[in-house]
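S.K.: Each chain, written out:
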Amino acid sequence: MAVLMRARPAPMPPATLWVPALAASAFCLIPSVYLAIRAAEDPADAVATLTAPATLVLLARSMLFAAVVTLVAALIALPLAWLTTRTDLPGRRLIAFLAPMPLAVPSYVGALVAISAFSPRGLLQQALAPFGVEAIPSIYGFGGAAAVLALVTYPYLLLTLRPAIEALDPRLEELSRTFGYGRWTTFRRVIFPHLRPALASGGLLVMLYALSDFGTPSLMRFDSFTRVIYLRYQSSFERGEAAALALVLAVLALTIVALEVASRGNARYDSAHGQRWRPATVALGAWKWAALAFVAVVLGLALVLPAAVLLYWLARSADTAGVAAGLTEAFRGSVLGASLAALAATAVALPIALLSVRHPRWLLTRPIEVLAYTGYALPGLVIALALVFVSIHFGSLYQSLAILVAAYVLLYLPQAIGAARVRLLQVRPSMEEAARGLGRHPIAVLRTITLPLAGRGILAGSALVFLSTMKELPVTLLLSPIGFRTLATRVWGAASESFFAQAALPALLLIALSAIPVMVSNAGRNRD
Amino acid sequence: MTSPRYAVEASGARRRFADGGVDDLTLTVQPGELFALLGPSGSGKTTSLRLIAGFERPDAGSLRLWDDVVADAAHFVPPERRGVGMVFQDYALFPHMSVAENVAYGLPHAAGRRTRVAEALDLVGLTGFEDRSVHDLSGGEQQRVALARALAPGPRLLLLDEPFSNLDAALRSRMRAEVREIMKRAGTTAILVTHDQEEALSVADRIAFMWRGRVEQIGPPDEVYTHPATLHVATSIGDANILRLPVANGLVHTVFGSFEAPSGTAECVLVLRPEDIQVLPGGVAGQVIGREYFGHDQVLRVHLVDGTELRVRVGAHERLGAAGPIVLGLRRNPAIFATED
Chain A
0 MAVLMRARPA PMPPATLWVP ALAASAFCLI PSVYLAIRAA EDPADAVATL
50 TAPATLVLLA RSMLFAAVVT LVAALIALPL AWLTTRTDLP GRRLIAFLAP
100 MPLAVPSYVG ALVAISAFSP RGLLQQALAP FGVEAIPSIY GFGGAAAVLA
150 LVTYPYLLLT LRPAIEALDP RLEELSRTFG YGRWTTFRRV IFPHLRPALA
200 SGGLLVMLYA LSDFGTPSLM RFDSFTRVIY LRYQSSFERG EAAALALVLA
250 VLALTIVALE VASRGNARYD SAHGQRWRPA TVALGAWKWA ALAFVAVVLG
300 LALVLPAAVL LYWLARSADT AGVAAGLTEA FRGSVLGASL AALAATAVAL
350 PIALLSVRHP RWLLTRPIEV LAYTGYALPG LVIALALVFV SIHFGSLYQS
400 LAILVAAYVL LYLPQAIGAA RVRLLQVRPS MEEAARGLGR HPIAVLRTIT
450 LPLAGRGILA GSALVFLSTM KELPVTLLLS PIGFRTLATR VWGAASESFF
500 AQAALPALLL IALSAIPVMV SNAGRNRD
Chain B
0 MTSPRYAVEA SGARRRFADG GVDDLTLTVQ PGELFALLGP SGSGKTTSLR
50 LIAGFERPDA GSLRLWDDVV ADAAHFVPPE RRGVGMVFQD YALFPHMSVA
100 ENVAYGLPHA AGRRTRVAEA LDLVGLTGFE DRSVHDLSGG EQQRVALARA
150 LAPGPRLLLL DEPFSNLDAA LRSRMRAEVR EIMKRAGTTA ILVTHDQEEA
200 LSVADRIAFM WRGRVEQIGP PDEVYTHPAT LHVATSIGDA NILRLPVANG
250 LVHTVFGSFE APSGTAECVL VLRPEDIQVL PGGVAGQVIG REYFGHDQVL
300 RVHLVDGTEL RVRVGAHERL GAAGPIVLGL RRNPAIFATE D
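Quick note, the sequences are listed as chains A and B, same order. Under numbering that gives the first Met the number 0, the first residue of the first sequence is numbered 0, with each subsequent residue one higher. Under numbering that gives the first Met the number 0, the first residue of the second sequence is numbered 0, with each subsequent residue one higher.
In isolation and in its complexed conformation, chain B is listed as follows:
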């Protein structure tokens, strides 16, 4: 038996709605990988997940799970025969069933059913919750039940649709780390849909950034963050200074120096991360006009000599007031994109 090449392989999958949907879902997910679909609302990420789960049938293109075709022009495997687990944003726990009944729902009536329910509850740290009513659970507990229910049948692929968005901030970051650990321990391949860049960056092995129904970039979190492939990716993930500047002789001139511009464009966009600018003696002079202090660091609003306004992230140790002179330089060259339209 050869091991499958991909857990998920989507090529050109399309599902259009009047006001959204997916135009072209093309991506591959490796077995055992924790993959995130990131994008603003309406970018098609939830539709993509529903295509993979089988709740939507693609208008065009094809979809394979573990090398088997599950959807194309001729075939369509319904969700109940895909072996895919799903955790919904609202958890979708069955309110007329106990915790154990919820978890057992996807298991066949057979010996060992109770053991598997116990195992699944143990995995999410809810041993002893079997007979509880789902109404009596906290948000975090409900989410763990949803996770246990999805994992109990031993799905080959787990799909999570904004699973953390209904939790408060503290619980959210704890559950993220916990879910990642559970996934890794269970060896499950998982796809996470989120609009929260911090969540995608911190949890996923790889990220696909979606924009208006298309995948704009796929890669590991650090690569997507530091080397955005498109302007959307650059401006959507992380804080950024955006500078629109004219191109002259293939070069774009800034106070920090001249950079090579993309060819065939009269104007281009520079994306400068606040942390890519630093205090540099002998650099460009400016005036601090505002400060947001975060404890671990601070972001300064700086007015440069040429009139440009920049956000600059500096360490908390830099003793700077909310106003006063400053000199700046770059740590890293800016990402430069041709302007659209």
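Isolated chain A (complex conformation):
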């Protein structure tokens, strides 16, 4: 049956699906077209920029940076995932609940906290001063930025690794042990190969995040691609150079995506068909103290430290006038922007997800899907520059709420599609056919069967888009309508001028608001 389904030549999907999907694709083409136009405008200049030694140094440094962040994130996520799923670690339910929470901490808030705590005149140095400590090693630059980013991005790896570890058949481990292989050999030869697809897809998310993150490198004074592009863009006579550099960044990001897709080609994903095996629990014994210490360091740095530092600043600033001024407005702006983005992205994602699941073999389904994943590969800064270009050249869209929301949709459409798609895949076609056989029109079938069954995935997708939009910085900075404030821009404004006290309250609010969708999507995942 399944074989037959795949072999069917593709009939034209209904217009209710392909018309909106194609329209979305045309829209997703904008950034790529923009990059091509800018590069072609002044090819000699573009080539000069691209081949300048400074560009190559920048490229090498950014790649190394992304690789280091990914490696550190993996070294945090892999033990955490294993400890919370397969061991008798005390308090592992609480730890499992808390471990993904750093997702709610925007990277620039992480950077702000790190600077405030560990910079040359930061809290740590102040605390140590009475003991004669004159200076502590600088937090600024490559190392600091990489550490901060690893601590806020490891949840992406954790969330892809956890289900993969849960799906591991413990009999494979047992079998390997009966051949006389020890735990380490078993891990290397049996477990690791099974986790590779999850490591690759989670690692891809982290790597792209590290490459495209704007807030952390800027605050930590690390010259990343995004920081350099932003600085060039702001000095308006260097905008052509900014576009050329954006092109390099885009190509680099696309290369990484292509590598991950290629590596996926050989991997086989065994579906959770039939019996599920209760995973064997590993007794940690005395190792549990080492494990708990590890968890304490990670969660201490990623969760407790931000909360403590922000609360400290909040307490210090409580009596300062103007701390809360404009906060309601920023709060409203954040919620409005994120809600509109979540709604719009979900609406655009649904026809594409339905096409991908129900009409995978139609001629245009693949191209539509690939284009929809533009935002996955292109950094927010590049997408923002593209939309600035378009909105200035065509009509009066520049700095309108519509273009801002459009940019968010471009950026986070993949999250909405991915979450809806996973759920839709579980709605068997026979259910829809049974409903039609019982006399219901396809639209009624969609409403009464397909969407209710995929509802949780659609909701989780919306929650993810809401979360990402709340934390988003460069697009919001470049495209916000005049007078439109969000918590993110407020934190950024205060932090970039080192007014930590003024950043504390909006940052705490931002984390609290972001924690809700993290919990929503986490709860949905756990119930599966």
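Keep in mind the hints are simulated off the structure, nothing from the lab. Virtual Cβ for every residue (Gly too), placed ideally from N, Cα, C. Certain hints may be false.
Listed below are several chain A residues computed to face chain B (Cβ distance under 7 angstroms; list not exhaustive) [to be verified]: (1) Gln425; (2) Ser429; (3) Met430; (4) Ala433; (5) Leu437; (6) Gly438; (7) Pro451; (8) Arg455.
Place chain B on chain A using the hints.
M.R.: Relative to chain A, chain B alone:
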């Protein structure tokens, strides 16, 4: 009002896929009949069912339900307007609905809806299951819900796609008999798709045997079994000894005698059912070389004097060991076919 001639009338319906499908579906189903589409996987039987249901549109040919054209080059009636009930192999129960909601799904919002749900559940013996979640049902119960849901709107035609294949052996044979009885009581015309010959033979009024996208034979179960029209039918339905033998002067010579061969072929194939061979004093001598004992009967592997090896089904009362001499004769003449290619 004249009563319709046929419930289903397919002529030359074709739906091709890269690796399967139907080349020529030509058959008629009588009103009230329980009809089985039998064939190996990939023979096109499920595609045939999907054509009749309207989930596939034929590339060529035509299809009529109760004398109305539902699919041809110019017309196509979508599944929701065909009045056809369908029971899927995986039952396709809606997991977000209760048993009653599942059964009521195909009913219009009107007075008497609850009564009809109750009637349908009563028909399948699930009265009192209304508020159950479909997750809490056993395989057999899920299947009955699927059946009740398909029957509730009073379809003119019920289509069943391998409905028993997910049940264990004991439940399967009980459900077969039960479903047949429900069908007959409800007076429903039904088409059953199955790869299980025993199922088709025991349940259906008539069988269509499909092979590589074509119907090879249509007839009542006993006729298809005893008078297979093609070699595929003969070898696919029931146990058979296959003997490839040369033809000389229009005759094929065997140890059991000579038979008339089909004309124009140098070699032919004899199909001998194990139960068509019997222990016969004065018959052909052979050696028993193996025995499968089934309780109600037994199958012997016999090596004949000329080197032929045969499977012979004999009664359990025949006191024969797993080895020893035996003499055999035929109850019935073998079916003889020209060799293909």
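S.K.: Now tell me, hint by hint, if it's right for this structure.
M.R.: Verification of the hints:
no.	hint	in the structure
1	Gln425	10 angstroms, violated
2	Ser429	4 angstroms, holds
3	Met430	5 angstroms, holds
4	Ala433	4 angstroms, holds
5	Leu437	3 angstroms, holds
6	Gly438	5 angstroms, holds
7	Pro451	5 angstroms, holds
8	Arg455	10 angstroms, violated
Hint compliance for this structure: hints 1, 8 are not met, and every other hint is.
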